[in-house]
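Visitor: Following the hints, put chain B in place on chain A, whose structure we already have.
Listed in order, the protein sequences are those of chains A and B.
Just so we're aligned, residue 1 is where the first sequence starts under this note's numbering, counting upward by one.
Just so we're aligned, residue 1 is where the second sequence starts under this note's numbering, counting upward by one.
In short, the hints are calculated from the structure, not lab data.
Hints may be right or wrong, so weigh each one.
[Said to hold, decoys possible] Facing chain A, according to a computed beta carbon distance under 10 Å, are these residues of chain B, among others: (1) Gly307; (2) Arg331; (3) Val409; (4) Asp503; (5) Asn505; (6) Glu509; (7) Ile510; (8) Asn512; (9) Asn558; (10) Ser559; (11) Glu563; (12) Pro565.
[Claimed, not checked] No more than 27 Å apart at the CA atoms, straight line, and that leaves these computed lysine-lysine pairs for DSSO-like: (13) Lys382(B) x Lys287(B); (14) Lys232(B) x Lys135(A); (15) Lys108(A) x Lys81(A); (16) Lys108(A) x Lys132(A); (17) Lys511(B) x Lys38(A); (18) Lys121(B) x Lys579(B).
Remember, it's a predicted structure, so these values are computed and weren't measured experimentally.
Idealized CB from N, CA, C, for every residue including glycine.
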Amino acid sequence: MKHIFSILILATVLSSCERDISTEGPSLFDIYGDFSVKQALDVSNRSVDFAAGETTTFTAEFSKSVNWELTITGNTSGAQKLITGFSKELDYETALWDGSTTIFPMFKEEACSVELFIPSDSVTLTETLAVKTVKTNEGFLISDFEDGFNPNWEHFFQSGVNFSTATDGAPQGNSFYNMAGTCGWDWLIGMVNIPASAYGSSTFVELPENADKVYFNVLLNLPEGITNAKLLIRFKEDDNNDGVFSDGIEDEYTLWFDDLDYGWQQISVKYSDLLAGGENAAEPKGNGVHNPNLLNYIDILLLADPSTGFSQVDMDYMIFTENEPLNP
Amino acid sequence: MAKNILLTALLLLFSASAFSQENQKKFWVSGTARGLFNLDEINSQVGDSTTAPKSEYGHTLVDLSANIRPNKNTFIRTTLRVRNEYGGFWGSGITFDVRELYLKGLIANSVRYQIGDINYKLTPFTFYNNTEELYENSLDIFNMYADIFHYDLFYDNNNSWRQQGIATDFSLSFREGIEELQFNMFSSRLNFGGGATDDRLFFGGNVTMVQSKHFSAGVNYINLMDIAGTSKSTEQFENPVVTGTYKFSTELNDVDLELTGESGVSKSSIENHATAPVNEDFFNYAKLSADYKPFDVTLSMAYRNVGPEFRSVGAQARRLKYTTQSSFYTRYTNNEIVRPIGMWDIYNDASIYNTKISEGLDNYYPQYNNVDPYGLATPNRKGFDFSLARVDDQGRYTVNLDYGMLSDVIGQGIDDLRKYNTISAQSEVNVHQFIEGFDRKVLVQLGYIQTQTKRTSSLLPEANSDLNSQRINAGITIQLTGDLDLMAGYESFVSTGNDQIADRNQFDEIKNLVPYEVDLSETITGVGLRYMFNENNDLQILWQEYNWSNSKYFNLDNSRLEEKPDYGFNRIAVAFKMKF
Chain A
1 MKHIFSILIL ATVLSSCERD ISTEGPSLFD IYGDFSVKQA LDVSNRSVDF
51 AAGETTTFTA EFSKSVNWEL TITGNTSGAQ KLITGFSKEL DYETALWDGS
101 TTIFPMFKEE ACSVELFIPS DSVTLTETLA VKTVKTNEGF LISDFEDGFN
151 PNWEHFFQSG VNFSTATDGA PQGNSFYNMA GTCGWDWLIG MVNIPASAYG
201 SSTFVELPEN ADKVYFNVLL NLPEGITNAK LLIRFKEDDN NDGVFSDGIE
251 DEYTLWFDDL DYGWQQISVK YSDLLAGGEN AAEPKGNGVH NPNLLNYIDI
301 LLLADPSTGF SQVDMDYMIF TENEPLNP
Chain B
1 MAKNILLTAL LLLFSASAFS QENQKKFWVS GTARGLFNLD EINSQVGDST
51 TAPKSEYGHT LVDLSANIRP NKNTFIRTTL RVRNEYGGFW GSGITFDVRE
101 LYLKGLIANS VRYQIGDINY KLTPFTFYNN TEELYENSLD IFNMYADIFH
151 YDLFYDNNNS WRQQGIATDF SLSFREGIEE LQFNMFSSRL NFGGGATDDR
201 LFFGGNVTMV QSKHFSAGVN YINLMDIAGT SKSTEQFENP VVTGTYKFST
251 ELNDVDLELT GESGVSKSSI ENHATAPVNE DFFNYAKLSA DYKPFDVTLS
301 MAYRNVGPEF RSVGAQARRL KYTTQSSFYT RYTNNEIVRP IGMWDIYNDA
351 SIYNTKISEG LDNYYPQYNN VDPYGLATPN RKGFDFSLAR VDDQGRYTVN
401 LDYGMLSDVI GQGIDDLRKY NTISAQSEVN VHQFIEGFDR KVLVQLGYIQ
451 TQTKRTSSLL PEANSDLNSQ RINAGITIQL TGDLDLMAGY ESFVSTGNDQ
501 IADRNQFDEI KNLVPYEVDL SETITGVGLR YMFNENNDLQ ILWQEYNWSN
551 SKYFNLDNSR LEEKPDYGFN RIAVAFKMKF
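Same shape as in the complex, but just chain A (with noise of 0.2 Å):
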């Protein structure tokens, strides 16, 4: 008995222990009240490597839970990186920014403005900061028409037709392709061909087999008018090893777009979701299997109601990445 008596001392002793808090989390009363800033927007990194892989992150705190949206934007380019959400504060978690691009053209080295609204109460908080590399994305590189046409290219454009390389408003760098012309015979206006030999092999190599972990990425413009453009673009591979794409018993994958939106747009699509067929898919004529490695041609045609007269689709920074998509 004198165990118990000894035993329940020591358990009143231990749970006499009194605790130094009150209460733990936020108040209540801040929660259901009126809102306010708790602690003002500011930025971790004011001025960014994003190319040595650096990122920056916005914070604030408010008194309850509300739905927010910060803005950066380029005070050169006009860029513009938009992130969202409904939370108590921002953080690592919620308001990071890895150099990414919402609304193009991408962000160059430049001074941004940073602008936190929070729409239930009409406030806004500003910060600035400024981009001192611009973000590099991994990824095999197609072209990003910086230096031009690629003279390893291939191309046929119609009579009175020339697609160029064009500065003003690239999303990417500082020049993209123009593709545009009239063509009143014929549907198709001009078409780019281009082959894996200008990369030094017969094919793609530098790609991976699985075709689950390849995404082809591209940016287009449909320019402010225009209504009769359709792209056709075809990933022709070489099934049989023999270093030329033969029609009519090899795998041609394609994309088409005829409803594009207009302004400049992003373009990611799994190689491994690619059809057949363009615009009406069918069954793909070679081994059946998609093979980015074994990728021989990549071909892109614009085209055209020749009834329509004038049309006009601009590329930008084609690239293959792996795993996930262009995040630009």
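Guide: For chain B alone, coordinates are given in the frame of chain A:
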């Protein structure tokens, strides 16, 4: 190729087994086998022409365990799992895995050890694998799938966690004063080092002094620790916990009395981190049980006080992950919205369960358990639990009545404390034993659990909480012939109300209190046949129907109410299980 590997492995196993018969069981093969086939159909209450309504899938698997006893003090076991998905032929869909590997033995006839895979537990406040929500008191007809993944995930071993490491135990006996000193120690590695992540070790043990059959006391220590220098990281997490336990038992007339308890302290910190807090706190737990033998009645009363900053990764790790997305019929309706998790997934989906211990208090499902989601070690709880149990000495029935009355230790976001009440009544009745001359076994299971979380604030009405959950189940198992049973069951789960749920950051600090709401109703009905070849081998054919409805579905990942149409499932399943 896969077929050849399988044949070679089987040949080796059985030839070695045959050889072993001549060597007094130095080698033998044991294992389990399972075949499972499901035909599921989803029923959405809104038009859904996008989701394929039916899905058939299943698998066959064999766990072949090679048991090797090279000498009388050493035992080695390795288990090879061969699994074939339903529809896999000629090697496709077949996988081979080494499911477990360990060796154990005895050193100098006094020190036991085990190396490799170990199942380990200490106390509910140090190292303990708490049972997941809805598992306890589940009906025979609904727990078949849970039993399967409990086996697959190594949960089926007395609340222990499967670890990979080393364990040892030994004891010292004394002639006077005390009977025995027992020592238990273990160490396991949770993370591999290199890159940006340190090696993370989890280790500990206990020393228990057995003074007599009436009194014992012990000290437990565990620590989860990052090992500095094993990676480029300069920040090291650490969570030591020290507790003391005691047990006193005596007999007063016809009453067996037992007092057990545990008290301890914890610290959780990240070395070299500029902003990480140091969490330190303590807990006390004591339980007094009285077993009145003439009536086969056991009455117990337990008290606990667990501090809000008490952290013990080994005891607070949850089996059930919080997720808003299951791996099965992930999306539904023509809008392909994410299908919300329900009781069906908890019963059936092994992918939403944890097998690893990690730091931090994981999110949980308030609708299923808002009272003690981290078991007895749930932080910020104090109060009493009462239990009354009767097990009929003739085996005719068991009855358990439980009542819990807990509260917060300190308020969350406001001084007012939440109160948590639990009422539970469970019974199993062998009806045939009440009817003379009735020669068929009839088992009836009945269960009722109600939990309530309530907080009333006179200063801030928005801080009021009132979250109620209720689970009712009833099942029957009827012996049709010698080995053939008919099983049927019905379960209903309802959860309504609101609470403010803690949203924690990476340091476990509460950064927000989320206004959670729920209006959930679930039912599951089942009928099935079970043929028992023997106690280690049965075949079950089941039909189940499930319905889910929640007009206030709250997504804790984004802290928002979302509209989720009602849905349900139908299932026909055939399951064959065998141990050999």
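Visitor: With reference to the structure, classify each hint as holding or not holding.
Guide: Do the hints match the structure? See the list:
no., hint, in the structure
1, Gly307, "6 Å, holds"
2, Arg331, "18 Å, violated"
3, Val409, "7 Å, holds"
4, Asp503, "8 Å, holds"
5, Asn505, "8 Å, holds"
6, Glu509, "8 Å, holds"
7, Ile510, "3 Å, holds"
8, Asn512, "4 Å, holds"
9, Asn558, "6 Å, holds"
10, Ser559, "6 Å, holds"
11, Glu563, "16 Å, violated"
12, Pro565, "23 Å, violated"
13, Lys382(B) x Lys287(B), "13 Å, holds"
14, Lys232(B) x Lys135(A), "24 Å, holds"
15, Lys108(A) x Lys81(A), "12 Å, holds"
16, Lys108(A) x Lys132(A), "9 Å, holds"
17, Lys511(B) x Lys38(A), "13 Å, holds"
18, Lys121(B) x Lys579(B), "25 Å, holds"
Violated hints, listed in ascending order, are 2, 11 and 12; each of the other numbered hints is respected by the structure.
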